[in-house]
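Enquirer: Chain A is already provided as a structure; the job is to place chain B on it using the hints.
2 protein chains.
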Amino acid sequence: MVQENFTAQKRASSGGGAGGGLPETRGRGIGAMPRGRQIRKTFNNIKITILCGFVTILVLRGTIGVGNLGSSDADAINQNLIEETNRILAEIRSDSDPNDPDELAESKIDPNITYTLGPKITNWDDERKVWLSQNPEFPNFINGKARILLVTGSPPKPCDNPIGDHYLLKSVKNKIDYCRIHGIEIVYNMAHLDKELAGYWAKLPLIRKLMLSHPEVEWIWWMDSDALFTDMVFEIPLAKYSNSNLVIHGYPDLLFEQKSWIALNTGSFLFRNCQWSWDLWDVWAPMGPKGPIREEAGRILTANLKGRPAFEADDQSALIYLLLSQKDQWMDKVFVENQYYLHGFWEGLVDRYEEMLEKYHPGLGDERWPFVTHFVGCKPCGSYADYAVERCLKSMERAFNFADNQVLKLYGFGHRGLLSPKIKRVRNETTTPLESVEKFDVRGSTIGKSESHS
Amino acid sequence: MVQENFTAQKRASSGGGAGGGLPETRGRGIGAMPRGRQIRKTFNNIKITILCGFVTILVLRGTIGVGNLGSSDADAINQNLIEETNRILAEIRSDSDPNDPDELAESKIDPNITYTLGPKITNWDDERKVWLSQNPEFPNFINGKARILLVTGSPPKPCDNPIGDHYLLKSVKNKIDYCRIHGIEIVYNMAHLDKELAGYWAKLPLIRKLMLSHPEVEWIWWMDSDALFTDMVFEIPLAKYSNSNLVIHGYPDLLFEQKSWIALNTGSFLFRNCQWSWDLWDVWAPMGPKGPIREEAGRILTANLKGRPAFEADDQSALIYLLLSQKDQWMDKVFVENQYYLHGFWEGLVDRYEEMLEKYHPGLGDERWPFVTHFVGCKPCGSYADYAVERCLKSMERAFNFADNQVLKLYGFGHRGLLSPKIKRVRNETTTPLESVEKFDVRGSTIGKSESHS
Chain A
173 MVQENFTAQK RASSGGGAGG GLPETRGRGI GAMPRGRQIR KTFNNIKITI
223 LCGFVTILVL RGTIGVGNLG SSDADAINQN LIEETNRILA EIRSDSDPND
273 PDELAESKID PNITYTLGPK ITNWDDERKV WLSQNPEFPN FINGKARILL
323 VTGSPPKPCD NPIGDHYLLK SVKNKIDYCR IHGIEIVYNM AHLDKELAGY
373 WAKLPLIRKL MLSHPEVEWI WWMDSDALFT DMVFEIPLAK YSNSNLVIHG
423 YPDLLFEQKS WIALNTGSFL FRNCQWSWDL WDVWAPMGPK GPIREEAGRI
473 LTANLKGRPA FEADDQSALI YLLLSQKDQW MDKVFVENQY YLHGFWEGLV
523 DRYEEMLEKY HPGLGDERWP FVTHFVGCKP CGSYADYAVE RCLKSMERAF
573 NFADNQVLKL YGFGHRGLLS PKIKRVRNET TTPLESVEKF DVRGSTIGKS
623 ESHS
Chain B
173 MVQENFTAQK RASSGGGAGG GLPETRGRGI GAMPRGRQIR KTFNNIKITI
223 LCGFVTILVL RGTIGVGNLG SSDADAINQN LIEETNRILA EIRSDSDPND
273 PDELAESKID PNITYTLGPK ITNWDDERKV WLSQNPEFPN FINGKARILL
323 VTGSPPKPCD NPIGDHYLLK SVKNKIDYCR IHGIEIVYNM AHLDKELAGY
373 WAKLPLIRKL MLSHPEVEWI WWMDSDALFT DMVFEIPLAK YSNSNLVIHG
423 YPDLLFEQKS WIALNTGSFL FRNCQWSWDL WDVWAPMGPK GPIREEAGRI
473 LTANLKGRPA FEADDQSALI YLLLSQKDQW MDKVFVENQY YLHGFWEGLV
523 DRYEEMLEKY HPGLGDERWP FVTHFVGCKP CGSYADYAVE RCLKSMERAF
573 NFADNQVLKL YGFGHRGLLS PKIKRVRNET TTPLESVEKF DVRGSTIGKS
623 ESHS
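Here the protein sequences come in this chain order: A and B.
If you use this note's numbering, the first sequence corresponds to residues 173 to 626, in order.
If you use this note's numbering, the second sequence corresponds to residues 173 to 626, in order.
Treat the hints as calculated values from the structure; they're not laboratory data.
Some hints here could point you the wrong way.
A pair counts as met if it fits within one copy or between any two copies, since identical chains are not told apart.
Straight-line Cα separation of at most 25 Å, DMTMM-like style, residue types lysine to aspartate or glutamate; simulated pairs [what the hints assert, rightly or not]:
| no. | residue 1 | residue 2 |
| --- | --- | --- |
| 1 | K301 | E607 |
| 2 | K213 | E467 |
| 3 | K505 | D298 |
| 4 | K594 | E368 |
| 5 | K594 | E530 |
| 6 | K478 | E467 |
| 7 | K213 | D558 |
| 8 | K581 | E309 |
| 9 | K596 | D366 |
| 10 | K367 | E429 |
| 11 | K462 | E526 |
| 12 | K301 | E368 |
| 13 | K499 | E607 |
| 14 | K551 | E530 |
| 15 | K596 | D538 |
| 16 | K611 | D297 |
| 17 | K301 | E601 |
| 18 | K367 | E467 |
| 19 | K611 | E527 |
| 20 | K611 | E519 |
| 21 | K566 | D523 |
| 22 | K566 | E299 |
| 23 | K317 | E357 |
| 24 | K566 | D332 |
| 25 | K329 | E562 |
Okay, chain A solo, but in the shape it has when bound (with noise of 0.2 Å):
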């Protein structure tokens, strides 16, 4: 009796009810499934699981950066900090000031007015001549040599690109190096003295303002961020230019033939401290407001100079338009320089380190062992440059240590390759350090120098 109210509540319990008529799959009790769609029901499941996974991961992804899964939390430190670091940034380069008229509009040059970098020098020589009598301690030659003041700079406020900012890092230690060795001064600008004259035409008001604030300078020899020296013994042959007031590295026949808009190179060149430089800027200068004037001094320029693109008027090509349509009034003082490379185009350059170094010894400064290495185009602090990035970033390291290698060559040291900022040992130490100071202190050497005082 048992046996059989038992089988019959199995019979009730695996979900009977009434009678026949039933899918075949009710067999397996009340709520139960066809096999087909719990097998649906499961891999849907599985689906949306994945996908959920798939969404962890990609959460994390974005928060901590692409490539970082698995970083420590030193790289979401440094993220927050690079984050927070910029935004205080921002803070500090949007600082203006509404109430201060400097600060209104744009250009308030009335282009039917000449633009002029300030109050008309007329006077300078006789001026300055008294003041250095008056002056001795300041004088504008040293040891028979003429004082230079070397004259750089870079924006004031971080590159675009974080890179740039070491590589003007590099740039200017580069200088420092060389300046060091050759007795010359440097001011570094970050300072825009004049906001019509900005970018490449603010080197005119600044190398203006320190002539006449530095009476004892003799030339004032300006030099871009973007160039370095690549011959630590070189020095410039000012004999050669005792009766010019401008040194400029360029080509005559691309000058007076070919009017090329690439004729004289405005990254690397020398102006004397004297009444002529005040005139040529004075000429000089009106092409470069920013604006209407800017542009339309673009057009004649382009229209007038071979090979140049259409944009707004630069330095340079200002210059050499100036030069050439007042041919009378100005070259017979300008010596457009060629025999060295006051300024020496990157491209060309770069690749025969290795060759110089087995051929040739610096001090040559020219296409063997070039004096200057100029990255025109390279443009590392900014965002568009006119060569690829890689090209670019590793010129310029094997130049700075192409440089770098002459300097470190007096504590017995050079970098491990031309692309390596680690050094190595070139020399064993020694109980006679004065010996290899005698022998390898650049500034004992005449190579390069016997022209050099004028």
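Expert: Positioned in the frame of chain A, the structure of chain B alone reads:
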């Protein structure tokens, strides 16, 4: 007949087949689902669609960065530029030659052998005297002033925090300005001369090497890259130190009575180029080699110096410990200076610049107008600062501009505010610029210079 046939066909096409017993929904046609199932299926599809959309958004977020949805193409290009730059840098950074024995293993220093900086120098004073007499073109005194070489530097690779390179650049500009005004040469080091003595110890082999290589230099002045000149007029009163060989900022009571680990600061100090200095380094350096030696030395220093946290030996603590434990041997030639801020801890100074401008003037060098403001603990180049990033960056900006104003004054300019990179005229242009030179050139100032010659 046709009618009937059509109806029969219709009935057949509606999915009929045999007869009764089919579920009600079947009346909708072959393949039609139950309503509930259709709703569930639709809902599942919606879920999947939403998830997929979400996934897409997250993919974009992870690729172009948080908050950049909708950025312009320029930002995308900039971001690509930065990523490519980082890739190239990683390549340059990772240079290592597996065949170079110097690259192998970690420290090979045997802890049982005292580390040395190089071959022992024992007769430097006499040798240097002979060299100087043989090389009169490299005198150690110029116009009565002892020749000083300022040494600073930073690692050869870009900073972890990109803003670090920008502040290194500003810091070196600040030093260039001071040194130009005061006739001091600069060496900016970006090389690791000694693998064992890296980090804060790196200055030891560097200073030693520079002294050996520059016998014409009377004093080597080490200055950290995070220390800025904030008094452009003040000159180190070298006459006070005619009987000293090491000039370092600190407090005697902190040193001798409290044995505090911050009693002296090695961020800015001067060593005379003489035998005594070699001897001191020979006993100072052995605590520095990284690894077990530096760690063990750190434990000793923490145990013996008040307030020192537990970490590996640093050069400053090691020097303090040395001068305390070998007081009789060294202290007679050490000048512990605190009459002016050869090192000025930034926290108590940066908020007072406005007060200083109001009440005092450059040339004092002390708490009224600090000579050097030193940003200890800010570490803009690294990732782990001891102070809040915002506080540090803004304070460094203020210190830089506070100093820069003193330089720009000669040129008639000044910053718009201590936090502003922009400048404005503080003096009208003049037709007699040389009068401004007489009035504003710092080099003509006699303030703070009365004791400078030694």
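Enquirer: For every hint, state whether the structure bears it out.
Expert: Going through the hints against the structure:
no., hint, verdict
1, K301 x E607, "between (43 Å within a copy, 14 Å between copies)"
2, K213 x E467, "neither (67 Å within a copy, 62 Å between copies)"
3, K505 x D298, "within (19 Å within a copy, 52 Å between copies)"
4, K594 x E368, "between (43 Å within a copy, 14 Å between copies)"
5, K594 x E530, "within (21 Å within a copy, 48 Å between copies)"
6, K478 x E467, "within (18 Å within a copy, 67 Å between copies)"
7, K213 x D558, "neither (58 Å within a copy, 56 Å between copies)"
8, K581 x E309, "between (35 Å within a copy, 21 Å between copies)"
9, K596 x D366, "between (46 Å within a copy, 9 Å between copies)"
10, K367 x E429, "neither (36 Å within a copy, 57 Å between copies)"
11, K462 x E526, "neither (43 Å within a copy, 35 Å between copies)"
12, K301 x E368, "neither (32 Å within a copy, 56 Å between copies)"
13, K499 x E607, "neither (53 Å within a copy, 35 Å between copies)"
14, K551 x E530, "neither (30 Å within a copy, 42 Å between copies)"
15, K596 x D538, "neither (28 Å within a copy, 42 Å between copies)"
16, K611 x D297, "between (42 Å within a copy, 20 Å between copies)"
17, K301 x E601, "between (50 Å within a copy, 21 Å between copies)"
18, K367 x E467, "within (16 Å within a copy, 55 Å between copies)"
19, K611 x E527, "within (24 Å within a copy, 53 Å between copies)"
20, K611 x E519, "neither (33 Å within a copy, 47 Å between copies)"
21, K566 x D523, "within (10 Å within a copy, 42 Å between copies)"
22, K566 x E299, "neither (48 Å within a copy, 43 Å between copies)"
23, K317 x E357, "both (13 Å within a copy, 18 Å between copies)"
24, K566 x D332, "both (19 Å within a copy, 19 Å between copies)"
25, K329 x E562, "both (24 Å within a copy, 16 Å between copies)"
Going down the numbered hints, you'll see the structure goes against 2, 7, 10, 11, 12, 13, 14, 15, 20, 22, while the others check out.
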